[in-house]
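Spelled out from the first residue to the last, the chains are:
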Amino acid sequence: MIAFLIRRIAWMVLTLWIVFTVSFFLMRAVPGGPLDQERQLEPHVRAQLEARYHLDEPILQQYARELTNVATGNLGYSIKMGDFTVNEIIAQGFPVSATLGIVAMAFALALGVTAGVVSAVWRGSAWDFSLMTVATVGIALPNFVIAGVAIILFCFLLPIFPAAGWGQLWYVPLPAFCLGAPYAAYIARLVRTGMLDVLSQDYIRTAYAKGLMTRGVIFRHALKGAMLPVASFMGPATAGILTGSLVVEQIFAVPGLGISFVQSALQRDYTLSMGLVLIYTVLLYTMNTLVDISYSLLDPRVKLE
Amino acid sequence: MLNARRLFPFFLLVLTLAALGWSLSFRSPPPADFRFVNGDEIKTIDPANVTGAPEGRIIRALFEGLLDWHPKTLEPVPGVAFLPDISPDETVYTFRLRDDAVWTDARLNTRPVVADDFVYSWRRFLDPITASQYASLLFDVAGAEKYNRLKIEPGDPVEIELPRPPPLGGPRGELLWGELVSVEEAVIGQDAEGNDETTSIFTVITGGDTRRYCPQAQKLNRDDVRPCAQVLYDFREVGIKALDERTLQVTLNEPVAYFEKLLGFYPLFPVNRQCIESHGYPEWTKAENLVNNGAFLLDERRFRDRIRFRKNPTYWDRENIHLESMEALAIASDTTGLNLYETGKVDWIITVPSTTIPALLAADRPDFQPPTQLAIYYYNVNATKPPLGVPRDIAQKMIAEGREDELEALREKARKVRRALFLALDNREIVERLAKAGEKEATGFVPPGIEPYDRVKQRWRQSHGKRKIDPQRQREEDIAQARRLLADAGYPQGQGFPKIELLYNDSESHERIAELVQSQWQDVLRIDTELIKKDWASYLADQRQKNYFVARAGWIGDYMDPYTFLELLTTDHAQNNSGWSDPLYHYLTTQTISDRFASGLLADRKAEVTSDDKQALLAYVEGRAELDAAVLKKLSEAGIEKLNRLRGRVEQVASEFALTEEEIAEIEEQVRARDNWQEQYHDSWVKLERRRLVRLKKFLVAERFMLEHAPVIPIYFYVSKAMCRPYVKGWYQNLQDVHPYRGVRIDWEEKRELFKELGIE
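In order, the protein sequences belong to chains A and B. By the count of the numbering used here, the first sequence reaches residue 309 at its end, each step adding exactly one. By the count of the numbering used here, the second sequence reaches residue 807 at its end, each step adding exactly one.
Rather than coming from a laboratory, the hints here were simulated on the basis of the structure. C-beta: ideal position from N, C-alpha, C; glycine also. Don't take each hint at face value.
Cβ pair distances, simulated, as ranges [stated by the list, open to error]:
1. Gly536(B) x Arg32(A): 51 to 57 angstroms
2. Phe160(A) x Pro75(B): 54 to 60 angstroms
3. Glu522(B) x Ile63(A): 54 to 60 angstroms
4. Ser129(A) x Glu475(B): 57 to 63 angstroms
5. Leu18(A) x Ile234(B): 37 to 43 angstroms
6. Leu71(A) x Ala446(B): 26 to 32 angstroms
7. Phe160(A) x Gln518(B): 42 to 48 angstroms
8. Glu452(B) x Ile63(A): 40 to 46 angstroms
Calculated Cβ distances over 10 angstroms to all of chain A for the following chain B residues [to be verified]:
9. Pro328
10. Lys332
11. Leu386
12. Glu388
13. Glu447
14. Arg590
15. Leu664
16. Arg695
17. Glu715
18. Ile806
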């Protein structure tokens, strides 16, 4: 286990370095730079600003400078939003995005697994049919549509939740629901298929034959096996939740990192873009590692290597 | 491992609960008295370094300038200073600062705002290292342009700033003063394209010694050159002076009609020297460090979330500040903003999504009656790209080869093409079909609403017998003329016309307009246009590099004077994306000769044009004086011919901007009718008013002339799509959509009633 983690961390450092290098050169290859704006700069002012952000240096020198800074944990000042350091922006936005993501994921898991189990156990019933119809629709609808409908329903027709904002518990349910809904739907289908598969296996028949109660069989024996596909889905799903949160954060004015992620790229804010790309890399990598660990915890046949 | 396996679901559960607990733990201050949606996150709160309206709304709350604006008319009203005393020739403004204006820090310690604060702030604003994009606002102040744009000539008094210590934005380096002897260029390396990179070496007499200084001395490897941060025009010679603690005197180069109005514009607001120098940038902008002099103090600032203000109890006009707290929300989505407004969570939104405009207009709401703005939506036509213009390198080559006549013919051909595009574009149809908020089709480049200019325009129309023609007929005439011009330019029926591109930044509304224009050009001129959609930064870069044919653009006037629009097309203006340049236009709008034109006249290409030379050339062009031998000697033969041609063109249009007898009599009368009329000033006042009117009439000639050359195609004048609840008193719609907070008040009774009626809490 320890060796596994050490190996993973070493790979992560290498991945981060590659991501950094690719992003660094890609950003500078795209036309336009951080100093381009609607009101154009006088040439001498441009020269001053380029000197301030070291944009006038040869690109390799810039690369070495940035790499040293990043390696020491200093992501620098945002070029476009100069009142903040990138570290500050991440420190303010990350907890918000993380809260939203975790709540959305928990919601997706709770709803998805319940619906999946119910559909599988009562296969072919009205419950199964209606739950799976909802799930199909949930997968098909992009989350900004769900958000629009949710706002009309719960902010205007039935004013229960605030239309946008952050800062209290009351603000969390709507964006978390909109963010988690498509994943809940997907998980429900995965669990249903997994359950149906597992329920027809010999060891389940053995469990029934031993005289175990239905509830015990389903929860103790069947569900664990049915969760394996869900666990492997969690890696990409986390990525989806993180990137999907751009839309939801914007619609509900949630001050997370999602909007910064898009805006910094559009504005060619090199430092902020880089900081966020690296953070997301770390996050994805960590999530994938956790998924691998959870695999071994769920299925005794899987060994960490 | 078995334990871990069993614990795993519980671990997930605990994680979820912890996350929920986390989101619960956010402390939430009570809702502010007044909340508004401020658009995208602001770049900074440093007045010297911002350009956008969202930044303006924040800076207006935190800082106060010499003067402020009236919330309705935007006329200047007293701010830190009382209204100024203006000298009879209107070039010297003397401001008396009030005694009770103070700087306040987060712990409510105060210090008086003094005249020196403005000297410091404006010097910092003009300092090239500050890189303020708005620096040209102060260029009417004597010496300010020289200071900011490093336009120093031998013989000028200069200040040498020795290298700056860190931090960024902290105190300046040590200063030395002296006289500039000469400037030489030295090569320090090559850039990526292999062009020489050069730096300037300044030879200066300072303290009796002659020394050399260079900002990039370390790259030179020369013992006789000392390093410095920069060499600038001596700021003590710039017309910004503190006469005593509470008196500030500003000297202008020449009378500027709108100067008082500029002083209420946020880039000119003062900042606190001690605060900036002790913390450096960006630390000084943090709530705990900030020292400011406005009506509000910075309470909290969260990135892409909100800025919260609390009333400044030490602000001099605190009696007129009725809001205890205020919140500016950084919300980029218009739809989200409208949702918050409609559910009563915010009181003011700066815009609404365009798709909701028809419904809002149909509802005829008192809070949505869009007024016209001082802003225009237009297309830039690249006058340096064939077939719309002649590339600059080709033009230079032709001039060098003496093929000027041929070049003129090429330019005329390109003008006809641009004008054909101009006439073939039907902005009336665009406004009727696509602009939903009641935007007005643009008939010129300067939006209506600038009072004296509108009057001059009106009078010109009357005297030239311009009556409103039936739009249908006008359109038919335009179409016929557009086709004729294109045929004249050598492309009858669009035959042989290359495919041109129409560039716009990625937005649905720009796309719809571009599609319509594409079909209009196809129908009228039978030419193909390719639509090019790019993201914001690439779109800006393409325009800067003049790598486009026709590009969408927008401009918001900074102050109430036609110049804020007309200057965009002057020669080598940073914002002149069309690349079009005409010495007559440049003369009519700026009343000067452009540097490019002047240096094109010289026999020796590398020689410098001094400001005295330019004055002499200007006097000659205006027909006020002949050229003296010294200047004449510098000019080439072709240059003299070129100069005479410009003189002839100015003479040709002179009758159009000369004052009529009627106008002269009117000015006489108006001056005499002034409240503060005094015999001794009468003549200088009359002279001034005449100059002002001539200036406006020149603008009018320039605007018409420019539209004939069509470097831009005006499409429509913007309207404000802001909404503000009627219970917010003291807030008014106005031409620049700028809203001072002084006097803004919430009528709580009315708010309760309205919300009850709407069924929201």
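Going down the list of hints, with the structure as the test:
1. Gly536(B) x Arg32(A): 51 to 57 angstroms: Violated - the Cβ-Cβ distance for Gly536(B) and Arg32(A), about 42 angstroms, lies outside 51 to 57 angstroms.
2. Phe160(A) x Pro75(B): 54 to 60 angstroms: 26 angstroms, violated
3. Glu522(B) x Ile63(A): 54 to 60 angstroms: Given about 57 angstroms between the Cβ atoms, the range holds.
4. Ser129(A) x Glu475(B): 57 to 63 angstroms: 60 angstroms, holds
5. Leu18(A) x Ile234(B): 37 to 43 angstroms: 39 angstroms, holds
6. Leu71(A) x Ala446(B): 26 to 32 angstroms: With a Cβ separation near 48 angstroms, Leu71(A) and Ala446(B) fall outside 26 to 32 angstroms, so the hint is violated.
7. Phe160(A) x Gln518(B): 42 to 48 angstroms: 44 angstroms, holds
8. Glu452(B) x Ile63(A): 40 to 46 angstroms: 43 angstroms, holds
9. Pro328: 5 angstroms, violated
10. Lys332: 8 angstroms, violated
11. Leu386: Leu386(B) is in fact no farther than 10 angstroms from some Cβ atom of chain A, at 6 angstroms.
12. Glu388: At roughly 7 angstroms from the nearest Cβ of chain A, Glu388(B) sits no farther out than 10 angstroms, so the non-interface label is violated.
13. Glu447: About 28 angstroms separates Glu447(B) from the closest Cβ of chain A, which puts it past 10 angstroms; holds.
14. Arg590: 6 angstroms, violated
15. Leu664: 23 angstroms, holds
16. Arg695: Holds: least Cβ distance 29 angstroms, greater than 10 angstroms.
17. Glu715: 42 angstroms, holds
18. Ile806: For Ile806(B), whose nearest Cβ neighbour in chain A is about 7 angstroms away, the distance does not exceed 10 angstroms, so it is violated.
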